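Asks: So you can see what is in the structure, the chains are spelled out below.
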Amino acid sequence: MTQPLVRPKRKNPLQRTRLPLSPQGVRSRTAHGLTAAAAEGRFALQVCLDCDAVVYPPRDACPSCLSARIPFRDVDPSGTLIAETTVQTSTDPYFRERTPWRVGTVKLDAGPVVVAHLHGDAVEGARVRLELKLDKSGSAVAIALPEKDTPNMADDPHLREMTCDPKFRRVLVTDGRTPVGQAMAQAFSDTGAAIVFVGLADAWKPFPGLDGLRKVERVEIVPLDMTDTESVTEQAEQNGARIDIVVNTAEHVRSGGIVDRHGLTVAREEMDVRYLGLMRLAQAFGPILRFRGADGVNSAAAFVNLLSVHALMNWPTYGSYSATEAACLSAAQCMRAELRPGGVKVLNVFFGPLETEWFQTVPPPKVAPATLANAVVRALRQGTEDAFVGDVAEDIRQRLAVNPKALEREMAS
Amino acid sequence: MTSGATRKSYDGVVACLPVTIPYRRYSTNSAHWWIGRALHELTKRAGLRPKDIDGLAVSSFTVGPDTAVGLTQHFGLSPRWLDHIPFGGASGIIALRRAARAVQAGDAHIVACVAADTNHVDSFRKTLSTFSRFAQDAVYPYGSGGANASFALITKHYMNTYGAKREDFAKLCIAQRDNALSIPHAMMKRKLTLDEYMSARPIADPIHLFDCVMPCAGAEALLVCREDTARSFNLPAVRILSTIERHNAFATDPMQVRGGWALDAGELWSMAGLTPEDVDFVQTYDDYPVISVMQLEDLGFCAKGEGPDFVRSHTFTNDGTFPHNTSGGQLSVGQAGAAGGFLGLVEAMRQLTSQPLGSQVPDANSCLVSGFGMINYDRGLSSCAAILARVA
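Protein chains in written order, with the working numbering: chain Y, 1 to 413; chain B, 1 to 392.
If you are wondering where the hints come from, they were derived from the structure by calculation, not from laboratory data. The model shown is predicted, which means the values in this text are computed figures rather than measured ones. Here a beta-carbon is modelled for each residue, glycine too, at the ideal position from N, C-alpha and C. It cannot be assumed that every hint is accurate.
Stated by the list, open to error - Label-pair restraints from in silico Cβ distances: (1) Asp109(Y) / Arg125(B): 34 to 44 Å; (2) Ser182(B) / Lys148(Y): 57 to 67 Å; (3) Arg378(Y) / Gly305(B): 47 to 57 Å.
Using the sequences and the accompanying hints, generate a full structural model.
Replies: Now the structure itself:
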C-alpha cells in the first residue's frame, strides 16, 4: 500500500535548497530507442523481424538469429518479479541520497529479463507490468508497477521521481484570457495542484469566462503580459520560487500564408506573443525551475509548451502561424537541454485545430479546450515528454512517420 | 555443444613462480606500476633477463588506454607471443590455458602471465559506470549499486529456489577468514564471528558487508614454461592436468543459478583422470559466497541445489575437511581488480609446491581452481576451471 503524499508544509526560508542531481543518463545510440518510447509513454522493445525474438538489453543484432532487422515495437509489458533487492549503498551521488532504493529482476512474458526500478506495491513473486519512464537524466528506465492499480500509487516516491504529477505542486498558467487557459486552470485545480497562478495582461479589459475563472478553487490571478519583458520578469521575481510547473497558454492564431500576405505586422505580433513570449518566460522562470529540481515533494517539475501539430509540418492555410509554432518547437528542444541538469522536463503537447473562435472556418474533428487541458495533466502524471491530442494531431504524426514528402504535398490541397 | 574431438593433454608444460605484490587499499600508482613490479619480481626470482620473456599475457581493467601491445614498449619487452585477457575473475585460468598451449606448440618459450589493477579513490565508481555497454544502458541507471546489487538479485533468487540461508554463506566467509589469518598482506585478517557476519550492515539485501570483497590495488603473476625449463631455473612447478573455459552459457535461464562449469565439468574431470573426491583442496572464485556455492555444485562436488547441505557438512578450513580458498580468497585478501582472477591459481601453486604464504594444507597433491567473471548485464558470463597437480 502506497502511503498517500502529505501536503508539504511551507518551506523554511533558512533551509538550504537541495541541489538537483541526475542518475547516469549516458546510453548507447541504440538504447535511446527506449527513450523515444518513454517520451510518448509507450512500452517498446526491439523485436526481430526475422525470428520474432524480443530483445533486451538493446543490441545491434538479434541474439537468436543475428538479424540486424530489430526495430523497436510495442510489446506486452506484463511479467513476473522473480527477485528483488534494496540498494542501501550506491556509488552514484543521485542514488546515494535516495537510498534505500528497490530494484528487481522482471521476467517478461514476451521473453527477456529486465532489471527494473520497483514501485512500492510491486512485490517479489507477483505479477507486474513494466512502464518506460524518463528519469531525471532524461533517459529511459523501466519501472515495475503492480499488475493492477493500487490506491495512491502515483504518490510512490520512486515513481514520483520519474513523473511530474501536479498533486501538491504549484502551477503557472500564463494566459487566462483564452478558453484553453481557463480549461487548464480548471484541470489543474481538479487534479490537486496546491495553487494555480493564472496570468492576465490588461486585467481591466473584460473577457468571457472571467467570472468562471475566479470561482475555480485555488486559482490566483496574477498580472502577466507575455509581450512585455518587464512584466514577465516581475512575475518571476514575485512568484518564481514557488512555481513548479509552467504551462504556456499564450496563443496567437491567424490564418494566411507567407506569399499571399501583405506585410509583416501579423507575423511580428505572432512571433512576439509566441516565440519571444516563450523566450521571455524561459529566461525569467527557467533558471529558478532548474535550481529547484530536487526541492522536496513539490520540486520544480515541468515546463509545458502547447504547440500546434503544424509545428511539425506546415499547413499553408495557417502558414505563418505554423512557422511560428515551428520556431517554438525548436526553442523547446533547446530548453530541454538547458533544463535537464535540473531534472525539469519540457513537455510538448501537440494539438490539432481547436474548438475555438480562431479556428471557426476549419471543419471537424477539433479539440475542445478541456480535452487539451486534461491531456496536459495526464502527460504530466505519466511523465512523458511528447503528447499528441486529437485526431488531426495523431493523423499527422502517423503520416509524418511514413512519408513526410507526401504529407507536405497533401497539406497544400 | 562439444565437438566430439578430445582435448590434447598439457603434458610437459608447467606453471611456476607464483608472485604476489602485496595489496594496498588505495594506490596513487598506476596499473603500469603494479604490472612493472610483478614483472620485475618474476625476472629477479627466476634469474631471467627481461628479453628472456618471449611470451606475455596481461589482465587489467585500469591499464587503459594501453593494451598489452603498449606495455611491451613500456617495459622494454620484445615477446613473440602476446595476449590481453581483461576477463576479470576468469583471467587467471584463461591466461594459463592459452599460455600452456603456446608453450606446448613452441610459439613461446617462457610466458609471463600478469594481472594487476590499481585503485584510486574514485576509480571503482568509474569502473562500474562504464563496465560494459549493457551495464551502462540497463544496469547502472537502476540504483547504481554495482555488482553488489546484481549479485544480491542472484543470491536472493538462489536462496528462494534452493533454501540456502545467510548462515550457510556465513560459514564459507568465516572459514576463509580463518584461512587468511596467517596471510601477511590480507586486507582483512581479524577473526570474523557469526554474530559479526549476521549483524553487519546491509549493502543490498540479502548481501551484507562481509559478503562483499574489498576493492584494492595489487598484482599477481606466474610463469608458464616447459617442465625441463622450470627445472633448469630450479623453480618448483605444478602440472596442468586439465582446463575448461566457457562464455555465456545457459543464456535462457531467467536468473543465473549455474555457470558454464555445469556444461564442461565432465570433460574437465575426465581429461584429468580424476574425480571430485580425488582433489585435496579447492579454490573457487569468491566475489560473493553464492558464486562459490554454485561452483561447488556445477563442478561436481555436490548436485545442483545441494550446495547448502554440502556447506553444512564441511569445515572448509585448511586444517579441516574440504579445504577451500586456502589463503582467504578475495573476501579476506581483497580484490585487486583482475588480479582477483589470479588469486586462487597463485595460491594453489604455492600449496602444491609447499611454499605457502600462510598455513599449508596437509598432503596437498592435487587441486581444482575455478574462475568466474564479467557480469555484463544480469549475470557473470565467463566460467573456467583447471585441475593442477604437484610435480611428482
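Asks: Falls inside 47 to 57 Å, the C-beta gap from Arg378(Y) to Gly305(B)?
Replies: Holds, since Arg378(Y) and Gly305(B) (Cβ atoms, about 48 Å apart) stay within the stated range.
Asks: Can you tell me whether the CB distance of Asp109(Y) to Arg125(B) sits inside 34 to 44 Å?
Replies: holds (35 Å)
Asks: Could you check the hint for me, namely that Ser182(B) and Lys148(Y) are 57 to 67 Å apart, CB to CB?
Replies: At 58 Å between Cβs, range holds.
Against the hints set out earlier in the document, no violation occurs for any number.
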